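*Asks:* Chain residues, written in single-letter form:
2 protein chains.
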Amino acid sequence: MKVRVTVMLKDGVLDPQGKAVAHALHVLGFGGVGEVRIGRVIELELDETDPVQAREKADAMARGLLANLVIEDFVTEVMA
Amino acid sequence: MKVRVTVMLKDGVLDPQGKAVAHALHVLGFGGVGEVRIGRVIELELDETDPVQAREKADAMARGLLANLVIEDFVTEVMA
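Residue numbers (this note's numbering), protein chains in the order written: chain A, 236 to 315; chain B, 236 to 315.
If we strip away everything but chain A, and leave its shape as in the complex, we get:
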């Protein structure tokens, strides 16, 4: 079962990487770009057939390793 964990910085936490991308887009001539925020996606292939269990497992992994809960939020989705 495939699970996707998306980790984004919490609202209000400064995102210098996003600012750099916004600047680069502007330099390249892409106008009308406001705030840009960068996050990461972790796709995990889990040895689990129950979607509820798979999700709980991925949540535990996110809390334990994949996300820094002080500054980041995460969302877990079961894909297939």
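Quick caveat, the hints were computed from the structure, so don't treat them as lab data. One should not assume that every hint holds.
As the list claims (entries may be wrong) - Straight-line distance between alpha carbons at most 20 angstroms, and here's what the computed EDC-like set of lysine to aspartate or glutamate pairs gives:
(1) B:K237 / B:E283
(2) A:K245 / B:E278
(3) A:K254 / B:E278
(4) B:K245 / B:D294
(5) B:K237 / A:D246
(6) A:K237 / B:D308
(7) A:K237 / B:E270
(8) B:K237 / A:D250
(9) B:K254 / A:E278
(10) B:K254 / A:D246
(11) B:K254 / A:E270
(12) A:K245 / A:D282
(13) A:K237 / B:D250
(14) B:K245 / B:E307
(15) B:K245 / A:E278
(16) A:K254 / B:D282
(17) B:K237 / A:E270
(18) B:K237 / A:D308
(19) A:K245 / B:E280
Unchecked claim - Residues from chain B that face chain A, not an exhaustive set, calculated with beta carbons under 8 angstroms:
(20) T241
(21) L263
(22) G267
(23) G269
(24) E270
(25) R272
(26) G274
(27) V276
(28) L279
(29) L281
(30) E283
(31) L300
Predicted model only: the values in this text are computed from it and were never measured. We put the CB at the ideal spot given by N, CA and C, even for glycine.
Based on the hints, put chain B in the right spot on chain A.
*Replies:* Showing chain B alone in chain A's frame:
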């Protein structure tokens, strides 16, 4: 209008970061984890009210800056 671009390595491209995460999960006692692949998410606030236009603009940005099409694929979604 908010647009999300998700960039993942193409199938078959080695993902050392994913391998490192899989190893770390194993060390932390999370069993039953198969392949792990890491990607990134870019959320853009665009000065655009038409979802079709917003998506086209984000596609152009992905092709021009956000993704390396030699080794990466991207997916664009209009969020709100």
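*Asks:* Decide, hint by hint, whether the structure agrees.
*Replies:* Here is what the structure says about each hint:
no., hint, verdict
1, B:K237 / B:E283, "holds, 9 angstroms"
2, A:K245 / B:E278, "holds, 13 angstroms"
3, A:K254 / B:E278, "holds, 12 angstroms"
4, B:K245 / B:D294, "holds, 17 angstroms"
5, B:K237 / A:D246, "holds, 15 angstroms"
6, A:K237 / B:D308, "holds, 18 angstroms"
7, A:K237 / B:E270, "holds, 9 angstroms"
8, B:K237 / A:D250, "holds, 17 angstroms"
9, B:K254 / A:E278, "holds, 12 angstroms"
10, B:K254 / A:D246, "violated, 30 angstroms"
11, B:K254 / A:E270, "violated, 32 angstroms"
12, A:K245 / A:D282, "violated, 30 angstroms"
13, A:K237 / B:D250, "holds, 17 angstroms"
14, B:K245 / B:E307, "holds, 5 angstroms"
15, B:K245 / A:E278, "holds, 13 angstroms"
16, A:K254 / B:D282, "holds, 16 angstroms"
17, B:K237 / A:E270, "holds, 9 angstroms"
18, B:K237 / A:D308, "holds, 18 angstroms"
19, A:K245 / B:E280, "holds, 16 angstroms"
20, T241, "holds, 6 angstroms"
21, L263, "holds, 6 angstroms"
22, G267, "holds, 3 angstroms"
23, G269, "holds, 3 angstroms"
24, E270, "holds, 5 angstroms"
25, R272, "holds, 5 angstroms"
26, G274, "holds, 4 angstroms"
27, V276, "holds, 4 angstroms"
28, L279, "holds, 5 angstroms"
29, L281, "holds, 6 angstroms"
30, E283, "holds, 6 angstroms"
31, L300, "holds, 6 angstroms"
In summary, the structure is inconsistent with hints 10, 11, 12 from the numbered list given earlier, while agreeing with the others.
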